[in-house]
Amino acid sequence: MRAVKISFFHMLGFVREDMMLLAAGILPFLIGVVIRLGIPYIEKLLTNAIGTNAVLQPYYSLFDIFYAAITPVMFCFIAAMVMLEEHDDHIDRYLFVTELGRSGYFVSRIVIPAAASFVVTMAVLPIFCISKLSVFEMFSMALGGTLQAIIISMLVVTLSSNKLEGMALTKISSLLMLGAVVPYVMPKTYGYLLAFMPSFWTGAQVTEKQPFFLPVAAMVSGVWILVLKRKLEVKIR
Amino acid sequence: MIQVKDLTFSYTGKPFIQNMNFNVEKGEIFGFLGPSGAGKSTLQKILLGMLPGYEGSATVGGAECKKHNSDFYQSIGVDFEYSTMYEKLSARENLGFFSSLYKRKVRNIDDLLASVGLENDADKRVSDYSKGMKSRLNFIKALIHDPELLFLDEPTSGLDPTNSRLMKDMVLEEKKRGKTILLTTHNMQDATELCDRVAFIVGGQIYALDTPHNLIMSKGAAKITYSWIDGSEQTATCELDAVSGDEKLRQLIAENRLQSIHSSEPTLNDIFIEITGRTLV
Chain A
1 MRAVKISFFH MLGFVREDMM LLAAGILPFL IGVVIRLGIP YIEKLLTNAI GTNAVLQPYY
61 SLFDIFYAAI TPVMFCFIAA MVMLEEHDDH IDRYLFVTEL GRSGYFVSRI VIPAAASFVV
121 TMAVLPIFCI SKLSVFEMFS MALGGTLQAI IISMLVVTLS SNKLEGMALT KISSLLMLGA
181 VVPYVMPKTY GYLLAFMPSF WTGAQVTEKQ PFFLPVAAMV SGVWILVLKR KLEVKIR
Chain B
1001 MIQVKDLTFS YTGKPFIQNM NFNVEKGEIF GFLGPSGAGK STLQKILLGM LPGYEGSATV
1061 GGAECKKHNS DFYQSIGVDF EYSTMYEKLS ARENLGFFSS LYKRKVRNID DLLASVGLEN
1121 DADKRVSDYS KGMKSRLNFI KALIHDPELL FLDEPTSGLD PTNSRLMKDM VLEEKKRGKT
1181 ILLTTHNMQD ATELCDRVAF IVGGQIYALD TPHNLIMSKG AAKITYSWID GSEQTATCEL
1241 DAVSGDEKLR QLIAENRLQS IHSSEPTLND IFIEITGRTL V
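Line by line, the protein sequences give chains A and B.
Using our numbering, the first residue of the first sequence is number 1, and each one after it goes up by one.
Using our numbering, the first residue of the second sequence is number 1001, and each one after it goes up by one.
Calculated from the structure, these hints are not laboratory results.
In this text the structure is predicted, and so the values were computed from the model without any measurement.
One should not assume that every hint holds.
Straight-line C-alpha distance at most 25 Å; calculated DSS-like pairs for lysine-lysine [what the hints assert, rightly or not]:
| no. | chain 1 | residue 1 | chain 2 | residue 2 |
| --- | --- | --- | --- | --- |
| 1 | B | Lys1026 | B | Lys1005 |
| 2 | A | Lys163 | B | Lys1014 |
| 3 | A | Lys231 | B | Lys1014 |
| 4 | A | Lys163 | B | Lys1134 |
| 5 | A | Lys163 | B | Lys1124 |
Hey, can you work out the whole structure from these sequences and the hints?
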């Protein structure tokens, strides 16, 4: 555990020296401010202009779902970029043969950043959310977002061979977050076609007020993580 | 220190390492020699516990490689062929970080840097280092926690003769300090100079295992090549232990007509080719 802690803090020091990664770490807070202040303001402008009671307001919880995912995705993106750089420089393989070991490395680069991002999301969501959320809803959004972030970071590390590819792949794999839109806009029957996307279940849970969808989201994420873990092991052996 | 028994490993179902057996004693420098793709790196990964899916047994310091705990790496130092440093950090920062991962007492970073002539570049970013400097830094990184067992993968690759000599002297110095060293190389001169014993590996199998001297002596006798002028320059060769029976040579000596005479022993490379039918590069 000592080596895991050192490795995690070393990564934070590494991020501090990289402006792009540092900016990615600050971005969730800026996005939070924009959502908290910007969306209600835009809603006011739209309702005044169109003359209706609500335009964006029925989708406020969707903005919150996205926000709850963006924070962990950004944090895990940072860790994924560090992992890619370490892979490029063959450092990961060296770390595997130190006391840190292979599992310690992944704990310090995936598990701890994800856990930290969950805690941060739970802390910032009450500040920046724009819909009325219960603590359970916040918990499920933060958990869904964190699991999604783990999947995206593993996809990036598994499928890309350098940081440039990693950035491009992050954009593509972030489309996984769009699953949350489906329960808001599509009929239920067709919506289940996208049930393989964990974010779909988070969206469904909020729209249908169905707590049972949280373990389903966790199970779907678990399958993604297991498959990606196997592929990652082949890549780095 | 290392025991390998009936070791078999496969990446794809087809055996890649086949029925390997060997032991490495404490304090020994043991060389794996073979061409690219022979299985040297795979064997090294198995011994480092990175490929647990093998059959048979491979133990390092008494611990089965596929069932090791985190303390396994406390006594192992690895110098990979390629640089494994954070390019954006200085040499001192790199060594500081890697040494912090170990629980045991670590060696003095400044002393190690000085031992490979990098003391004046300690605070330079590794990205500004030459290939030779990176190799030297990589090597001392493997020594930082003073491990009992060292895995060295092509330690002199890319080094100029001076730095190659420096590196080889350091390897021998570590041996004197009681370290066990596993050297993976296709440089026969390094192997002859450094190794107590070598194993020839081709196609995932050990073809021969002995001291370099024994391998050389068992397979080929020293030869004499001589030349003389007979219209144009002529040459002939005979075995060293059959010189007295070579009539031509005796005649040339008696007539003082020898232009040149050389003795030559087969090299480890010649023996490797003879035993395995393969070249090393």
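Hint by hint, here is what the structure shows:
For the suggested pair Lys1026/B and Lys1005/B, the alpha carbons sit about 17 Å apart, so the restraint of at most 25 Å is met. Among the hinted pairs, Lys163/A with Lys1014/B is inconsistent with the structure: their alpha-carbon atoms are about 34 Å apart, more than 25 Å. Proximity of Lys231/A to Lys1014/B is assessed by CA-CA distance (about 20 Å); at most 25 Å being required, the pair is judged to hold. This hinted pair checks out: Lys163/A and Lys1134/B have alpha carbons roughly 22 Å apart, not beyond 25 Å.
Pair hint Lys163/A plus Lys1124/B holds up; C-alpha atoms about 24 Å apart against a cutoff of 25 Å.
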